[in-house]
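Student: Listed below, chain by chain, are the residues.
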Amino acid sequence: MSMWIVAALMIVGAFFIFIASLGLVRMPDLFLRMSATSKAATLGAGLMLTATIIYFQDFAITIRVLSIITFITLTIPVAAHMIARAAYFDGVPLWEKTEIDELRGHYYLPTHELESEPDSPIGHDQVQREEADDFI
Amino acid sequence: MTDIFWGSVLSLLSLSLILAFVRLVRGPSLPDRVLALDIAITMAMGIIAVYAVQNNQPVFLDVALILALLSFLGTVAFAYYIERRV
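Which chain is which? The protein sequence lines are A and B, in order.
Numbered by numbering that gives the first Met the number 0, the letters in the first sequence go through residues 0 to 135 in order.
Numbered by numbering that gives the first Met the number 0, the letters in the second sequence go through residues 0 to 85 in order.
Just so you know, the hints here were simulated from the structure itself, not pulled from any lab data.
Note that beta-carbon positions come from the ideal geometry of N, C-alpha and C, so glycine has one too.
Among the hints, a few may not be true.
[Said to hold, decoys possible] One-sided excerpt, in silico: chain A residues whose CB lies under 8 Å from chain B: (1) V24; (2) P27; (3) M33; (4) L48; (5) T51; (6) I60; (7) V91.
[To be verified] Listed next, with one range per pair, are the computed distances between beta-carbon atoms: (8) K96(A) to D2(B): 41 to 51 Å; (9) G73(B) to S34(A): 18 to 28 Å; (10) M0(B) to E112(A): 18 to 28 Å; (11) Y79(B) to A59(A): 32 to 42 Å; (12) P27(B) to M2(A): 36 to 46 Å.
Next up, chain A with everything else stripped away, as it sits in the complex (with noise of 0.2 Å):
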């Protein structure tokens, strides 16, 4: 019985690996490869390390799994948070079908803080035409 769920469960997990892969490759920007791939990749994994706890069944190992589980949900979406922050600062291009990018002139660029006052109207535009050269 068991190790038939240990199948399923392994099946399952590579599957949504080869499902990220796919994002990875067939996705037209960086930023929505990254999150293609993050979740996608953090569900196959979590699935194909909760196959080893059933096949296993032992305290040991299971706290072992658990951690790692438990890790790599932590850690895998601050990796794409920082990738993304970076790329945004680098000028990675957006997909040219875009139709908002609400990021923009509000990095402010000496300092790499975000701004945001809510007094001032949003638009990129003014923002842009003030401070060009210190927003991003």
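Since the structure of chain A is already known, use the hints to place chain B on it.
Tutor: Chain B only, in chain A's frame:
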């Protein structure tokens, strides 16, 4: 039967690794390549889980733990480098 099953799981994971390396070679910018390496390490953790179950060796799971730690450190270091480079 079990050989066919493990073969299909490992072939799915290997195909995913090949696609990740396609993005690693083609990637137009440096963050694409960093992302491809990060995802490749996650796929390697899946392969390690398959080998641990297939060979009945739970020792391999320690490798997965160390890989998770190292991939996070490497990604953060790369992101820091990319951000300071601007």
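Student: The structure should be examined with respect to each hint, and the outcome stated for every one.
Tutor: Taking the hints in turn, this is what the structure says about them:
1. Proximity of V24(A) to chain B holds as hinted, the smallest CB-CB distance being about 5 Å (cut-off 8 Å).
2. The criterion of a C-beta within 8 Å of any C-beta in chain B is not met by P27(A), whose closest approach is roughly 11 Å, and the hint is violated.
3. Using the Cβ-Cβ criterion of 8 Å, the hint placing M33(A) at the interface with chain B is satisfied: the shortest such distance is roughly 6 Å.
4. Because the closest C-beta pair between L48(A) and chain B is about 5 Å apart, less than 8 Å, the hint holds.
5. Because the smallest distance between the Cβ of T51(A) and any Cβ of chain B comes to about 5 Å, under 8 Å, the interface hint for this residue holds.
6. The criterion of a C-beta within 8 Å of any C-beta in chain B is met by I60(A), whose closest approach is roughly 5 Å, and the hint holds.
7. Hint status for V91(A) relative to chain B: holds, with the closest Cβ pair at about 5 Å, below 8 Å.
8. At about 46 Å, the CB distance of K96(A) to D2(B) agrees with the hint of 41 to 51 Å.
9. Restraint check, G73(B) to S34(A): a C-beta distance of roughly 21 Å satisfies the suggested window 18 to 28 Å.
10. Checked against the given bound of 18 to 28 Å, the beta carbons of M0(B) and E112(A), roughly 59 Å apart, lie outside it.
11. Here the CB-CB span from Y79(B) to A59(A) is close to 35 Å, well matched to the stated 32 to 42 Å.
12. Look at P27(B) against M2(A): about 45 Å separates their beta carbons, and that is inside 36 to 46 Å.
Checked against the numbered hints listed earlier, the structure breaks hints 2 and 10; every other hint is satisfied.
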